[in-house]
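Got chain A sorted already, so can you dock chain B onto it with the hints?
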Amino acid sequence: MRQDEPASLGPALPFRPLTTRALGWSALAALAVTAWWGLWVSPPDVVQGQLVRILYVHPAVATMCYVGFGLCALGSLAWLWPRTRSPRWDRLAVAGAEVGSVFCLATLVTGSIWGRATWGVWWTWDPRLTLTAILFAMSLGYLALRRGIDKPQARSLASSVVAVLMALTVVVDHYATSWWNSLHQGTTLLQPNPTVHGWQLATMLASFVAFGLVFAWMMVHRYRVEVMEERYEDELLQAALAARRSEVALLEPGGPGTGWAGREDWAGDGPGRRLAPAPGSPPGQAGVGAGALPPAGGRPEVGVR
Amino acid sequence: MPADGTHGRALVARRRALGTRRQRVVAALVLLGALGYLLAQGLTNAMDYYLTAKQAVARRAQLGTREFRIQGTVAPGAHHQGGLLYFSITDSDVKVPVVSTGSPTQLFRPGMPVVLVGHWQGDVFDSSQIMVQHGSTYVEAPARQPARPLSAGHRATGSPRP
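If you're matching them up, the sequences are chains A and B in order. According to the working numbering, the stretch in the first sequence is residues -17 to 287, in order. According to the working numbering, the stretch in the second sequence is residues 29 to 190, in order.
Chain A on its own, in the form it takes in the complex (with noise of 0.2 Å):
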C-alpha cells in the first residue's frame, strides 16, 4: 500500500492521480489533434467526399473493442491457469470486458451512422455487423454472470468461459468480410499495402492513438474501480462484524468479550468457509448465535457484489 493512502483492508490502489490524469489530458490533446485533422486538414475522398470523415472514428472504436475483449480473455486466461491465479487479472477481465462494451456499443452506433450515409441502411444482417452485435449482447451476458453470482471463485469462473467465448468470436468477426460475402469493407491497414495514404492515413493512425489513450484511460480507472469497490467491501464486512460483535458482547452474562468460544468456531479457511454453529445451538444453524462470530480482524470470505 501506498503512503499517501489511507490504511484499509483491502488490496492498494494502483497508479498515481498524476499518472491517470497525464493520461487523461494526453487522450483528451489527441482526440483534439484527430478532431482538427479529421475535420479541416484531411481533405474529403474520391468516393465517399465527406462521408470519409467518419474513417477517423469508427475503425478505431471498433479496435479498441477488440482489444477490451481481447485484454479481458488474458486476464481470464491467467486467471483460470493455476500458476497465475490472481485477483489482479480476474480485475483485468472485468475492466476489459465492460470498457470492450462501451467500445462496442460505439462501434455499433458510428457504423450504423456510416452505414446510413453510405450504404443507405442504418442495419442489415451482414456477417460482420451482426457478429460485432452478437458479441455485444455476449458482452452483456458476462457483466450480467459478474453481477448475478455472489461467490467470488464461482464468478470468475463461469465469466472466465463467457470471456473466452469472446474472444473466439472476435476473431471470426474480425475475419468475417473475408470468409464470407459481406456488404462491409474489408481491412484497410492490416495489409501489406495499406489503402490509405497521405492526410487521410496520417489522421486514421491519430485516431488509433487517441482513442487508445482514451481506452486506457478508461481501464486504469475501471481497474481502480474494482479494487475501490473489494476494499469497500471489505469495510463493510468488517463493520457488519464489528457491530454485531458489540450486540453479542452487551448480551453476554459474563460481560463484554467473553462471547466468543474461540477458533475452532470458525469453519474452513478457504472459499465458500462459513461460520460454525455455536456451541449448544440446534443442528443446521450456522453462525447466528453468541458465541458464532469470528475474532476481530477475521475476514470470511462471503460474495456481497
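Hints are computed from structural coordinates only; laboratory data are not their basis. A hint or two may mislead.
The following label-pair restraints were derived from C-beta to C-beta distances [said to hold, decoys possible]: (1) Thr169(A) - Ser120(B): 33 to 39 Å; (2) Ala62(B) - Glu211(A): 25 to 31 Å; (3) Ser120(B) - Gly180(A): 30 to 36 Å; (4) His108(B) - Gly180(A): 51 to 57 Å; (5) Leu71(B) - Gly180(A): 35 to 41 Å; (6) Ser68(A) - Ser120(B): 53 to 59 Å; (7) Gln69(B) - Ser160(A): 20 to 26 Å; (8) Val58(B) - Arg3(A): 35 to 41 Å.
From the three backbone atoms N, C-alpha and C, an ideal C-beta is built for every residue, glycine too.
Using the frame of chain A, we list chain B on its own:
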C-alpha cells in the same frame, strides 16, 4: 469506522439493490433470448448474405419470386422514370436489368458495387432497397468537391437502358 450497524444495513441495502435471485434469472433469460434471436436471425441471414448477379441468374428458376439479395456493379445508363429507378448491374459477363423503388445514397453511380434486396420479375430484378457498397480503398480528392449525387431525372453517363 462506526460500529453501530449502519454499514451493515448499507450492505443489506446494496444487496437488495442488486436485485433478487428471481430478477437476475429473468434478466439472464431475457439476455439469453436476445442472444438466441441474434444467433438465429443473424447467422442464417449473414452466412448467405447475398448472391452475385451471376449466381442469381444461374439459380433464377430455383429462386422464383422469393426475396433475396443480389450483388453486382452498377452499369452506365441509370435513369429515373415514373418514380422508379431503372439501371443494370453487371457481374463478369452477366448483366441484370433492375427496376427499383428504393432511393440510393449519393454514392450510387456507374462502377459502384451495390447489394439489392428484391426478387425476380421475369428477367428483371424488382428491387425495393439499394445498398451501395464501398471498398476499403481511400483516395484523397484533389480539390474540395463533394461526391456528385444522382438526382431525379438525371441520366447517368453511358448508354441508356432500352
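* To do: Identify every previously stated hint that the structure contradicts and give their numbers, smallest first.
  => 1 and 4
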